[in-house]
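Engineer: Residues per chain are reported as follows:
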Amino acid sequence: MSGELLSARSLEVTFASRHGPTNAKGVDGVDLDVGAGEIVALVGESGCGKTTLARTLLGLERPSAGQVSYAQSPLRYSTRALRDYRRHVQLILQDPTGALNPRQSVYESVAEGLRIHKLVERYHREGTALTEVDLVARALSRAGLRPPERFFLSFPHELSGGQRQRVVIAGALALEPDVLIADEPVSSLDASIRGEILALLLKLRDDLGLSVLVVTHDLGLAWNIADRIAVMYLGRIVEVGTTEEVLGHPRHPYTRALLSVVPEIEQIDPIVLSGETPDPSRIPPGCRFHPRCPALQGGEATAVGVAGRCTGEDLPVIEAVREHQAACWLSMAVSSVG
Amino acid sequence: MASLLEINDLHVTYRTAGGDLPAVRGVSLSIDAGESLGVAGESGCGKSTVASTVLRLQPKNAQVSGQVLVAGKDVLTMRWGHLRAVRWADASVIFQGALHSLNPVQRIGDQIGEPIRLHDSSVSKAEAATRVGQLLEQVGIPASRGRSYPHQLSGGQRQRIMIAMALACRPSLVVADEPTTALDVMVQAQVLGVLTDLVHELGLGLLLISHDLSVLGTTCDRVLVMYAGRVVEEGPAGRVFDDPHHPYSGALAASFPRVGDPAARFAPAGLPGDPPDPRSLPAGCTFHPRCRLQTAECQLSDPPLQIHGLSRPVACIHADGTNMKTAAEARQRRPDQPVELAAGTGSTPTRRGGRDEW
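Going down the list, the protein sequences come from chains A and B.
Count the first sequence with the working numbering and you get residues 233 to 570, in order.
Count the second sequence with the working numbering and you get residues -6 to 351, in order.
A portion of the hints provided could be inaccurate.
Said to hold, decoys possible - Only some residues are given here: those of chain A computed to face chain B with a beta carbon under 7 angstroms:
hint, residue
1, 247
2, 278
3, 427
4, 428
5, 431
6, 451
7, 452
8, 456
9, 479
10, 481
11, 493
12, 494
13, 495
14, 504
What the hints contain is simulated information worked out from the structure, not anything from laboratory work.
Every residue, glycine too, gets a C-beta built ideally from N, C-alpha and C.
Here chain B stands alone, though its shape is the one from the complex (with noise of 0.2 angstroms):
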């Protein structure tokens, strides 16, 4: 049986007046039903652009490249008819500013309610209140709350709206893009919760993404660290939180510290620059500037995503089971140094002419 979502080596590139933007460089991943993948990276990594190419919802520039195949079909070639059909069916969508993806004009059970109707005309208006109640009562919102408003409920319920909605049309593949940024941490465990819960009970895929590797950590079954475009390491979502091996995903891991550990007292652990500009990327390694495991060697190639004798691939030349450095060790590190213009503004888009005379 095809995997519900099998991605071969995508490239996304940005057509910009600034020149191309090569956003995502060879991406694969596949997902299966009843799988969670977890997609981590700072902003500007690929990582949303990676879950837009799911449903081909990219921009108009992008240029895109590889296979993109949802339940064996793929997308990136489909006719429009035939995608219109797969959006809400195979595959939904959850965003992350609910409140920006909601109408505000409109009861939430009538929204839950259009895609149901407009995949499938045969559906009455009775069925698909009866459907709308049963996707509220599934994500923990009584059935009654159809009949609010958005501005009726708190943060947490719209996205739990949100989880509702991309339920809808019983599709098996939901991508879930940052969905629990912006609330606070009682309702970060609720939306959560919901969301594997259908995971286990539905044997949905779900392809989650997120900057905090904690929450893909403790959610998902694998994840994905991706930098500039690549990944760069890849493995049960547990075991890459808890030991990284590639000095990046230990630089992430430790910036969500344990409440307890010792070593994070009074000593938060950062990552030194900012990420580079993808139009102008670092020669070698595209890490080695930030890194502090960095030797000439890293400037010669970028390396490819490798099991060098470890349990699971990473895209590392010193991630060789020797010099492997635990994000314990990474913790000790105190980021307290200034941010040099040098690299700080390598990163930054435009710089308008005339403007250094000063």
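The shape of chain A in the complex, shown without the other chains (with noise of 0.2 angstroms):
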């Protein structure tokens, strides 16, 4: 891969508590690259701050430490900085009847993002002559609403969940956007529309070679389009790899409790951690994850001897190089010594 496009360094995102000194730590210093082209699945519990990081990578948030680079430079945080940003790099809602406006026609909700942007004008000036409902109709196409001026006039309420998530990923596409940040794209949808929104996301980077980062709790997605995952605990990436290495061979004992749980999978014994996400303005000393951990509860870290750095020493954060990694004290044990 010549040239990570969207890049996040030492990102730390806090947010001010209303009860006691301690802020929360939406996200506790996470780096993560997503390359031209390249789907990248971002997967955890509800609460571990995986939207957050999203919302972040968007600009929407201000870290309090650490940057987000788009295409090797710094986001700035001007109000012209995030518009022009935001052109190229573009949100996917999970709820697509909340994302419209339903009181907007199909052709004004995919043309506002043109007109915020003056694409029209743009094109214009570089000599292209392509009129607004040419964009409109391109994107509509694009996202798989065809032919598209039969639906321009249409209504929210007149379209089907699955074609209305199809607008909102063309008001996306109309500003023909480098990456598509998309959250939980498909959890609101019926299993039988699911498949073809996860088909269109994989046909768009094959067409238009865009880049997407799927915010999800469903390793069944990732596991159906994305090329990396990483899984986030608590504010930080635990385990990082090809979907292979990390759905395959999961290193991290979190992960391999998530993946136990999924329903399709018979082989292995559920692994049910008990409680929730914990706390992010508590985060446990020594490793996030040891008060739920199966590996130190079961003895297995005791074996190896790194009990005690379980509880008591934090891990390095996972650097943000094309390899299969975890942030676990057992498994970077095993690993060395086999």
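Grab the two chains, each in its own frame, and use the hints to assemble them into the complex.
Structural biologist: Quick look at the structure:
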């Protein structure tokens, strides 16, 4: 991969707390790269900070430390710079019904971005005589709504769930972005539509060379479309690698637990972690996963002699290099021996 | 002994301004004690309507025919006072949105205790409180959390509160409509674990509604797959998910890939098109416009649910054992064709006049 398109370095996002002196760390030191034409899945439980990380990558949230860069240049936070940035990096939300204005026709919804970014004028200056209608039609047909003209005057309530999500995607595509950040793009859709929207994301990557960062808790989705997976737990990436590496040979006990509760996998005994993701304002010392870690409770860590490190020593942040890595003392000890 | 729940040839038609909408067209099912039955299908297939008739919760514009027997008593013709007694005590419902179903300004312990004292006025406050504590522990929440308000609990905890509440009057039947849809995988596993344990420990009957066939496949004993208001396949849950006979069940099963399955890698499987508009169902088999096995014969008549020499009833003329396609084969299909408007808006509700003139 020649250049990383979108990268995060030592990214931290803190939220001021209204109760007590400790701030909640939504994102606590993350390095992550998304290459050109690459589909990366960011997976983890609710509350692990994956949506906060996605919002920070979009410039919707300002990092309290670290840096987001796009095409090797750091993101600037002036209104103008952000507007320009968001033409290149577009967001697709979970619920298409909520993302579309019910009183706007499909045409208006898709054209809105074009008008904000004055794209028709820009193309005109560059010598391409594309009208707004052409651009809207092109975006709709790329999103699989064909023939596009017949959708122009439809309203969201006249469309099915899958079609609505396609309109949202068309709205993003109209701006000719390089990166799509999709936050749970199919979790509010029916099972049968899910596959079609995922196939569309793959097709957009193949046809237009788009990069996609998919935020999800659905490992089946990641297996369906992602090249690489980053597993997030309590504000940090705890395991990263290609989809085959992470889902085929998971190293972190957390990834293994997540995999074991996917209903389709029957061979593994489910490891149901008790409790929910802990509070980001009280990150446990040592490995942040140790209070819920089945490998520590089961004595595996003690057997290898790393239990002390698990409870007492914080792990280094996983670097954004392209190899399979896990932030786990046990997996590090085992792999260095083997 | 009669089944806990028996539904015979249920038809539900909604009277709407746009004409009659047949949501359920002849569904029969039964659940015994200690048994869990799953109902799978897309939005609009009528699965929630079936669930709502169990306690006569369907809206006023619904016209219902057929029989719904809860512990042998017909719910549809029952007197109002009698129905009130059946709700909670014989059968109870767990709805999807726990946040919207709980009162935000009442402690959860009081909310769980309310139906107990309403249904049996001889229960003292202290007795009700003890019972609430037991219920909370049954769903894996410390009894002390009864003093919390809903906003102090996480999504998974709230959903477990809903389960505790449904168990408050010791019903023998629980209907759960998409109980885990809004939850993430780990919490979903916790909630489903609580439900299956209760079915085994208390001998409850469970009717579990979900669009996720993989959830039903691992949680239930048997499943029904519904399409356009009818049951198209019925059988043991794991078998229907692993080896579906109806092409629709196959598509539904394939849309949740098995992690590690090379056939699903970079090949998400879906089902092109949308479910049909109940007001104008396609002629013949209602699934044929979206079916990859369709032939001219499919347009002639809607096939009944039959055992064609197979192990379980399937409503498809091609499911005769020779032409059967497994989920693995269904997965090879890549649904990246565009959605054509002709197929698309056929299912959409009203199209206001004048808008077609562009």
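Engineer: If any of the earlier hints don't hold here, list their numbers in rising order.
Structural biologist: Hints 1, 10 not satisfied by this model.
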